[in-house]
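Participant: First residue of the sequence shown: 1, per this note's numbering; consecutive thereafter.
FYI, nobody ran anything at the bench for these hints, they're computed from the structure. Among the hints, erroneous ones may be present.
[As the list claims (entries may be wrong)] Here are the simulated distance ranges between beta carbons:
id, residue 1, residue 2, range
1, Gly79, Pro18, 27 to 33 Å
2, Pro63, Arg43, 36 to 42 Å
3, Ala31, Arg84, 31 to 37 Å
4, Arg65, Glu6, 16 to 22 Å
5, Ile59, Gly17, 30 to 36 Å
6, Ile66, Glu15, 18 to 24 Å
Just so you know, even glycine gets a beta-carbon here, dropped at the ideal spot from N, CA and C.
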Amino acid sequence: MAGPAELSFQWDGLEDGPILMLSHALGTARAMWDPQVERVSSRRRLLRFDHRGHGASPIPPGPYRIEDLGRDCLRLLDGLQLDRVAFCGLSLGGMVGMWLGANAP
1 MAGPAELSFQ WDGLEDGPIL MLSHALGTAR AMWDPQVERV SSRRRLLRFD HRGHGASPIP
61 PGPYRIEDLG RDCLRLLDGL QLDRVAFCGL SLGGMVGMWL GANAP
């Protein structure tokens with residue numbers, strides 16, 4: 001298992017809205033969600049982040065497993081003191097979401 005990664009993240013949308021965590025596809029970064037931000041940010045607080053090895057997040061030695069990426073998300077949520085969020089992922093991000101649903105519902 002790879003070690004923990006400090007994920008780069010950003011907030012968009014309503015300060016007090018329900019939180020939606022957005023998880024990007026392989027080989028992209030949180031900017032992948034830019035087209036959706038304008039439509040959704042009037043109703044939600046958006047938490048966008050870069051998976052390890054993507055965007056502005058660090059590149060720890062691999063290989064990486066879906067479990068590693070899921071645990072990175074949990075560490076980010078713990079660091080932000082968030083117990084529960086809605087989650088949306090595409091491709092790799094969707095696989096991370098399935099791991100989270102099975103292991104940290």
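Participant: With reference to the structure, classify each hint as holding or not holding.
Facilitator: Hint-by-hint comparison with the structure:
| no. | hint | in the structure |
| --- | --- | --- |
| 1 | Gly79 x Pro18: 27 to 33 Å | 20 Å, violated |
| 2 | Pro63 x Arg43: 36 to 42 Å | 38 Å, holds |
| 3 | Ala31 x Arg84: 31 to 37 Å | 26 Å, violated |
| 4 | Arg65 x Glu6: 16 to 22 Å | 18 Å, holds |
| 5 | Ile59 x Gly17: 30 to 36 Å | 32 Å, holds |
| 6 | Ile66 x Glu15: 18 to 24 Å | 32 Å, violated |
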